[in-house]
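Model the placement of chains B, C and D on the given structure of chain A, informed by the hints.
There are 4 protein chains.
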Amino acid sequence: MTLVTPSATSALPFKVADLSLAEAGRHQLRLAENEMPGLMALRAEYGASKPLSGARIAGSLHMTVQTAVLIETLVTLGAQVRWASCNIFSTQDEAAAAVVVGPEGTVDEPSGVPVFAWKGETLEEYWWCTDRIFDWSAEAEAAGADWIGPNMILDDGGDATLLVHRGREFEAAGSVPAATDDASAEYRVVLDTLRRSLEGSPDRWTRIADGLQGVTEETTTGVHRLYELHAEGELRFPAINVNDSVTKSKFDNKYGIRHSLPDGLNRATDVLIGGKVAFVAGYGDVGKGAAEALRGQGARVIVSEIDPINALQAAMDGYQVARLESVIDQVDLLVTGTGNKDVVRLEHLLGLKHLAIVANVGHFDNEIDMAALESLEGAERVEIKPQVHEWRLPNGRSILVLSEGRLMNLGNATGHPSFVMSNSFTNQVLAQIELWTRPEAYPVGVYVLPKHLDEKVARLHLDALGVELTVLTPEQAAYLGVPVDGPYKVDHYRY
Amino acid sequence: MTLVTPSATSALPFKVADLSLAEAGRHQLRLAENEMPGLMALRAEYGASKPLSGARIAGSLHMTVQTAVLIETLVTLGAQVRWASCNIFSTQDEAAAAVVVGPEGTVDEPSGVPVFAWKGETLEEYWWCTDRIFDWSAEAEAAGADWIGPNMILDDGGDATLLVHRGREFEAAGSVPAATDDASAEYRVVLDTLRRSLEGSPDRWTRIADGLQGVTEETTTGVHRLYELHAEGELRFPAINVNDSVTKSKFDNKYGIRHSLPDGLNRATDVLIGGKVAFVAGYGDVGKGAAEALRGQGARVIVSEIDPINALQAAMDGYQVARLESVIDQVDLLVTGTGNKDVVRLEHLLGLKHLAIVANVGHFDNEIDMAALESLEGAERVEIKPQVHEWRLPNGRSILVLSEGRLMNLGNATGHPSFVMSNSFTNQVLAQIELWTRPEAYPVGVYVLPKHLDEKVARLHLDALGVELTVLTPEQAAYLGVPVDGPYKVDHYRY
Amino acid sequence: MTLVTPSATSALPFKVADLSLAEAGRHQLRLAENEMPGLMALRAEYGASKPLSGARIAGSLHMTVQTAVLIETLVTLGAQVRWASCNIFSTQDEAAAAVVVGPEGTVDEPSGVPVFAWKGETLEEYWWCTDRIFDWSAEAEAAGADWIGPNMILDDGGDATLLVHRGREFEAAGSVPAATDDASAEYRVVLDTLRRSLEGSPDRWTRIADGLQGVTEETTTGVHRLYELHAEGELRFPAINVNDSVTKSKFDNKYGIRHSLPDGLNRATDVLIGGKVAFVAGYGDVGKGAAEALRGQGARVIVSEIDPINALQAAMDGYQVARLESVIDQVDLLVTGTGNKDVVRLEHLLGLKHLAIVANVGHFDNEIDMAALESLEGAERVEIKPQVHEWRLPNGRSILVLSEGRLMNLGNATGHPSFVMSNSFTNQVLAQIELWTRPEAYPVGVYVLPKHLDEKVARLHLDALGVELTVLTPEQAAYLGVPVDGPYKVDHYRY
Amino acid sequence: MTLVTPSATSALPFKVADLSLAEAGRHQLRLAENEMPGLMALRAEYGASKPLSGARIAGSLHMTVQTAVLIETLVTLGAQVRWASCNIFSTQDEAAAAVVVGPEGTVDEPSGVPVFAWKGETLEEYWWCTDRIFDWSAEAEAAGADWIGPNMILDDGGDATLLVHRGREFEAAGSVPAATDDASAEYRVVLDTLRRSLEGSPDRWTRIADGLQGVTEETTTGVHRLYELHAEGELRFPAINVNDSVTKSKFDNKYGIRHSLPDGLNRATDVLIGGKVAFVAGYGDVGKGAAEALRGQGARVIVSEIDPINALQAAMDGYQVARLESVIDQVDLLVTGTGNKDVVRLEHLLGLKHLAIVANVGHFDNEIDMAALESLEGAERVEIKPQVHEWRLPNGRSILVLSEGRLMNLGNATGHPSFVMSNSFTNQVLAQIELWTRPEAYPVGVYVLPKHLDEKVARLHLDALGVELTVLTPEQAAYLGVPVDGPYKVDHYRY
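Chains as they are written, first to last, in full-length UniProt numbering: chain A, 1 to 495; chain B, 1 to 495; chain C, 1 to 495; chain D, 1 to 495.
Hints are computed from structural coordinates only; laboratory data are not their basis.
Just to be clear, a hint being listed does not mean it is correct.
Given that identical chains are not distinguished, each listed pair holds provided it fits within a single copy or across any two copies.
[To be verified] Mimicking DSBU-like on lysine-lysine, the simulated pairs with C-alpha atoms at most 35 angstroms apart in a straight line are:
1. K489 with K385
2. K341 with K119
3. K353 with K451
4. K385 with K353
5. K119 with K353
6. K50 with K119
7. K451 with K385
8. K341 with K50
9. K353 with K50
10. K489 with K353
11. K341 with K451
If we strip away everything but chain A, and leave its shape as in the complex, we get:
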């Protein structure tokens, strides 16, 4: 692939697939803005006061059309921004192009935001892009400063945060360790990336870490890493867990997957979902959305769970709850949404019906033991189209694996739709504002957004749906013991 980088005369650093896609991308941004009422309301509320003035945000999050609206909202609120994607397949090249060109730039004179992302990066390219969002030398040069680093991270999955922490750790140690034998291919690339950095500078990551005022993190996995880091006393700056806002977790996971799972299945395979037997591993929010979508299309859904409470919920919602191995020979659509590893193992893949579809909407590609499949003697991989592979198995049957076992809602579709992302990203922006403007309120640690901000996110999305909210009378509010304007619920309320 020929990638586009700035011409000699352009001040704007970037690396994307094709700037000529910018116009198409801009059309989509304009439509997406109509579906992202939360972000647009924030632009209206804060566009003049610019609470993010001075913030330099290193963003690592799927470079989609919706993220483009987020990026431009951050800019409208006063921030400087650099961006990479957090997944090698998830970039929408027209969105990346539109962001680089910017609302007022042209393909020849882009005046937007530096983006380093394209669909189909290699692992090496991926980590190079992630490294780039920490390189603010162009900005330093423009400002006549020796060095400038970012002071905020907006993260999804924690890769940007990981790079800073590992970089600083190895700088303190003076060297990057050799990869252990069991290190993943990806971790080896991380080590190589940091090794190159250390060759160039002994304290680059240390300076970056010291300059960071905080990170806002999008996902379960990233949040989990943050809590672990904090528990180990290693966390270097405060973090807001955006993932656990109700308006993020329920909406992004449940409603987002409800939408994008069938969308991805359809675009990948055009297989009729109705009448099929679908197996959904995991009945958390992701699994709940997946099961509802599949049932809504007329599939018979079987669910698996490790948690007896969620298992009981699935049963009470009318789903069969079974172990995968008990029903594997009936399964037409195998969907995994657990966040765990090795949920679908080789014996499962070998037990599936001919041309059964395997789709991951959980998190990492290790939910499905792709490694075992790839090293299975006699198995053959045929590309039907990009992100859709037929694996011919030694047992004479084939299976269809979507997005190489990675997130198929990103790889085979276009990710969550704008309205869902408007909920998530309105949380992100409010979290960035909190950390940037009220640092005193957030010592190093991991926080969820206060409930009144979570409710605010919801409130900003009601008009677009024609929802009439009922307003408490002062007497009713007093009776309930809550303020008329909220927050309305105790922290442990489960919605």
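Relative to chain A, chains B, C and D alone:
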């Protein structure tokens, strides 16, 4: 109504409607036991070790068939028990009779548990019954003791807990205050009840309060009172909030109402739900269950909410969200499940269609402004059958009010079904065991059950539903950072 | 049971359970009228012109509150009516009482319609009651006539029609044949009934048959008998098949069962439907309604079918389709709605889980092989309450059989709700008007109602549900090739 | 667009977009075959006996992957085939290429079936392609014959049948009439096409019409034309109405639209369906499928109907039923599935919310008054991407029109999925066999397939879904009065 009290020769104190109903009640208990696998599993697990030996439990909870299985489980685990209902209409007389007679007694020689409850108590009778569960003189006499009080409360709505706290407070003050002008009719009865007690003993409630080791509370309302009491520093003994166990709140509220709302509507009115316009005030767990049930029967459901998050959830579930006054003239079934007061006001009642049905599944009867209806000039009340009243309004239309505005799932049906209550009551029993056997772990305060016990409740209900639980491998558990046997979720997980 | 018959001074013949229930019945009729907009619209449209003047209708149809509204509609339209129930358990005694007393009569001076029906008839009583609706001697006496017979039948299941045809046949033969060895108990009673008639009169049924202008038949079974009779050349008078009007079959079967199946289950057992495994035999309209209702309550539904088209429909609606014997050991609720015999056989009953519930919403009690159960050695029947029996099986398990294997929506609940019956009964009344006023259009044969009348039935029910119908422009109607006011569909359209 | 036509050396006539897409198309065919068990079963059953030997089929039906499997099934059964698409946008170019190349041909030496179809034909090109399927000169040349015509038509929408009938009519008249002033643009092209034909030959269409043994027609519209033609005495050959097989109408319309409506919406717009207000015009099978799909994704669905029976069905399924103009200002997604014209008029389009989406899944583009929109002063059309246009309205709002108002499930997605089409096309093949092999059974007229063949289609699709069919015992079959192997239902049964 002629009520039954012990004959002169019987040692067992009680007051119920008709002991001859005991056999019918026993049949129902036997069937209910099959639907309460959690309680039966506790009998199997703890029947021999009897962890509740020594516990003297004053129970105030709807005296239904399911509660009968709870009571006999407590007895099997070693407790002594006395019981009153917590609602004037909710007693199932055959269940009360069966509990009094006991599994091995006869109508002539009852050998079960002292119960003071019948369907259709007056307010005076209700508070007399509640008072009775604190009178353990028969047990004292049998034990040859001067005085014995209860040492545990199992409460639903907090009336038993209220009586103890107010009684002790007035004893400390030396007198029961006169009712203020705005006191409710019911609170006047409470004051009268305590006034009579104070006439008989200056320190009865103080002794009772001092002897109590804890209370386990079933409902939102009761829990809310406990948190307030504790916040004011007035709480006299530790409390476990059973209401907020997932296996209680989600199951009891959502799945219970899903079942019992249409059941109560059907028994009360036989009106086809399909095709009707139903309005559900409140989209918490109760409202979610109500809306799902009505949609499942083919109604068009409109929801109202004060909380923007819940409102957004309702919209995402496909419901119209509107203020009651905006759609009142379309409503055939008006259901309220908020826990708030004055949700349905006189102007709403006057705006309804002819013979629209008004049903409360929230909590108190003040969700609907029954007082305003009762004092409305020109309104006439016609009893169609018990708990079903046609109110002929001055506007020429009628409405049907169920259970006089109180909980219709109790008044018009038989309350939550056994399986739901098995979840709630298994929590209750585990909470009683916690407080009774581990007092050191619970200083005065309000607690939720630890998550591993919540998961245990779920686990005990899976086999009965044919659910196969998936078991983590040690590697997977390590990957997730949870024990193989749970607990699996962080405390703020929302299910 | 003490039944009530007229006092010596009353001119009105009848036999019901208790006339003092009339007031309660009248309240229910009044409420039901609000739910039967089709019948009330017919009263408004035809109350003055009285198209049924001169019609003497012998009615055999479940004597419920809804049927009471039908009866009084027929009277308002000018007919004379006599009534029996068509099921030994289905009479609502308060409805029967209200109809006998009449809207303007009193318990002491009933002035309504002669009804012969009570809940819990024996087979002998049942056929005696059916015989009574053909005895119009009181009317003859009042009219000073030697003899008067009915001239119309309104039938449900065809028992009234059967009695006339068999009676006439045996009169022609000169005697009633002895029962063959394999004759059912019920058929023996029919023969006895006719034998007694023949003893009293050699030509009573012949005269009745000759005087009949037609029959309108409500059910699949009855219609099937009519088509057979006509195919054999034995049908004596024209018949309108009301059962196959869309507004009858889809509404009565699908929507009626959706409502009354869970209602009956709840009243009979109070068992939580959510989370249970329900098996529905048959996926015709009855099965579709049953499956939807059970899923709507959170059950997991498995369906069986003999017809590949319906089986495919069930699969496309997301249900598992399996033979009963393949899944019998998972089933908690076994529902049969096929119209076939021996659908649930002894081996199935013996394979069920402990306390599984067996419910018939199909037609006859032979859907379940009750005879085999009743003659099973070692099986014991325990009455839990009327219409709910625990059968203790020799395998140590019990099952709960509802309504003794007969229609549980009638036996355990109150039948279809008023709105559903308003659809069915508006068809019945329109069919009676057709046959009575346009005999020339209906030579002996079996007919369905013309589509414009089917659409009229629907039209009369829309306002009550707030439905806005879209009206074709003349240009659109011409484009479609249909009249602006309908009928809109070809006869084979399937809805 | 550069289209591909045969090289000078190739014997195979065709015109498609790009033969190099054949390999990709072949992959998709192979996957589709797994989803078309009905067609594959016919290949297995009839591949040796070749009942279609001698049949020369002129096919006019969307040239998709699924149609490719149909075409190759017809060939396997012995037929010669030529194909055109029946919609200017619906061709999948890779499928067309694969069919031309054939399973054993190559891009350089195609050996498949002559196809004349590509995505994005002009009206002139479209009718040229339709004309081509009647030109069997290459086959004549190969056979050394003067002239050969087709002897069967397989039609979708009736365009091929129309061309033959109009061509023959004008040949009889000796000239093609001038277009009347109100003739549509498309009809003018038809006239031009026939005018050119008449210039070349005075009796070409007459010979073709005489040689045709029958037509099998796929759609409502085409069937409607056939019935009209037959009523007018103009039909020239027998026709089988495949559209009204249950396994076609219910499956194709209801389940197909349930799948492809959300698929098309997603591919076109990526807008979250959940929470939106969707309006579905028409509640026939198409509307039922559309409403179910949208509700299954969490939309609030409002339905309109002209037929009171369907309107009542919609209400009983829990949908609001309203006229479009009553709710237009709430609508986010406007879906039309009526088969009527002018359902969405200019006043509706002007009343919609900003960026509301307009989608037609009915039939012709005149369901939406596109002509009025196109001639609206001040309206501007912006192409967002192919088949997705933003119309900027003079009122300052925009709307998104999909597929230019034509069928968006074809234009924005890939049409019905394979499994649905397997049902439809198995009916088509059985109908072709009926007409070809049993001409004596089908005098000129319009027929539906006999029910046993309809049931056969269903039966051939059960195994793939894991459906276990229950088998009648001879006793049960006798009881029901049906053969053990079916057919099971009376003709007017509605499923």
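*Checked against the structure, which of the hints given earlier come out wrong?*
Hints 1, 7, 8 contradicted; others consistent.
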